[in-house]
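These are the residues of each chain, in order.
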Amino acid sequence: MAGDIHRVLPAAHLQRLLDALSAEGYRVVGPTVRDGSVVWETIRFVSDLPIGWRDHQEPGRYRLEQTGSQDIFGVVHGPQSLKPFVFAPREPLLQIKRSKGGFAAHPALPQSEKIAVIGARACDLAGLAIQDRIFLNDAYRDLCYAARREGLFVIAVNCTRTLSTCLCASMETGPHAQTGFDLALTEVDDMLLIEAGSEAGSGLLFDLSLSPAHENLIDEAARHIEACAHSQIRRLDHDRLPQALYDAHEHPRWEDVAGRCLACTNCTMVCPTCFCHTVEETPDLSHQQTAQARLWDSCFTQEHGYIHGKNIRPTIKDRYRMWLTHKLASWIDQFGMSGCVGCGRCITWCPVGIDLTEELSALLTSSSRSSWTSPQGEGS
Amino acid sequence: MVNPYVIHPATIVEKIREAEDINTYRLQFVDEQMQRRFRFKAGQFNMVYVFGVGEVAISIVSDPDEPEFLDHTIRAVGRITNAIAGLQPGDTLGVRGPFGQGWPLEEARGRDVVIVTGGLGCAPVVGAIEYIFRRRAQYGSVKILHGVKTPHDLLYRERFDAWRRSPDTEVLLTSDQPDKSWRYHIGVVTELFELVSIDPRKTIVLLCGPEIMMRLGVPILMRRGISETAVYVSLERHMECGIGLCGHCQLGPYFVCKDGPVMRYDRVEPWLGRAGV
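In the order they appear, the protein sequences are chains L and V. So the mapping is simple: the numbering used here equals the position in the first sequence, first residue as 1, plus 422. So the mapping is simple: the numbering used here equals the position in the second sequence, first residue as 1, plus 70.
Below 27 Å or equal to it, Euclidean Cα-Cα: the simulated DSSO-like pairs (lysine-lysine) are:
1) L:Lys732 to V:Lys219
2) V:Lys272 to V:Lys111
3) V:Lys85 to L:Lys519
4) L:Lys522 to V:Lys85
If you're looking for bench data, these hints aren't it; they were derived computationally from the structure.
Using the sequences and the accompanying hints, generate a full structural model.
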């Protein structure tokens, strides 16, 4: 379906799309400027979007700038991916009440809500696809995730500008949104090229009665996206993974990066694919009721690998190695895909600017002291 | 659709003191239907929950052929297990499960079985031993080798005595810090390997205890001709969800909660030997 229908909407008429989504019962969410960064907020008007803003991202650095242009989607992305919409940072799981038989546990499912997100990037769609694989395709379908996913309508924006931290081209996840969207927009000057990626997206396009796009506009959009891909300066050499990373287990570089890493958990919090979570128990004061909620967790915390009397990964070196090896190697064994989508958020939002492409390159190019081999992909 | 997070209340119908800080709790689900429906395999675990405190992964000790009994042997070592230690018969715990892979008892059929355990590591294999003894003719010789630090740590004394009386069965116990009352072997459990005859062509080994015991023990077994592929271990990791979602129990490419806790040794050996994995 993607690529079949291209319609065009003058950028000045974007409000028509927002209104149509509202009329369909969606809460429309888009990028907005808050506290010096771009975050998802409920929007009603096109003017709520960061028109004329641009983001500049470098290792450990994020800066917004006003350009004076009328570009609507000049900001590539903020710290949030699509993850918080489906895998909530805090998700109530159970309400447990004391009763005659001891207690009774009642599952707390999220209320179904229709949310239309405008401004997701190809890397975000790839992250969503990975989270779908984790939460929806295993023996246990996660009911909270499924309920949130059900109501999500995604309007992607193809990237025509790259950040210095982007590496989606080498991860083959972007900058062109190929699948996983309902609608995809490409902003070319004062025009928005729109393509449908789902039945729901097609239906909405039909309702808007937009004009078909001219070949020239389609070609120009493709050229902009292509140029964006070519302008990326970071890449991951993932052809030799996962084995090369397993083999690098004793590499001296791990000590080096551990000396810089603060174990602050930022990289895992901004990652579109990290799925670790913990369960928090909150009894009330009378101890008659208690609730369980799951919260995002991070493999950088002390408690992550704790078993009674022992911490499996006691040092920051162990934990950084755990994170990178999981993300780029064991993730492939577990899920048949890399855990990195190339959004570069972990590079930008690392307070000390640790860059996973640089770390991987150091781990794979210089000599490793280890010669151990490991079996692959034998998860039962 | 099953919601794996839902906790089912279960009454403590019996609390058996095994040692100063270890008790076996016999549980019965409050919901009769749940009690009738609940089936498990030897070696699987449950998440055991204390109201208002939290939950912890505990292996099932009871016999899978007697699902009317659900037994957990629990040492009071942490926040939650200490809360459990304060509970008495009539009190309520929560249970969700069973989770994970159990012992390969089908694969072991027709073969000799060597069971090597250390400390509280004997708990996850009790169900497997009972399972085998119910089908005694279908298995070859059974050798149970169990090591404890002090005689005080020896649990299930009566069970060991009963197993010892079974046909074609050897039970060898050892303590590395014995007192005068100790009537059995002195030393670590791997020393017991020298005291039993093993036919490596038809033996399967079930191992459960500290990882150091596995790492030191398996090479000795291999020198006796046993293949790494005939050794199964039960592993312990931080488990919160039980279904491979929370991420804590990872060991290389595995989620111990769903790919384990029982795993074939050759598959996990490269990761067990690595610090910080």
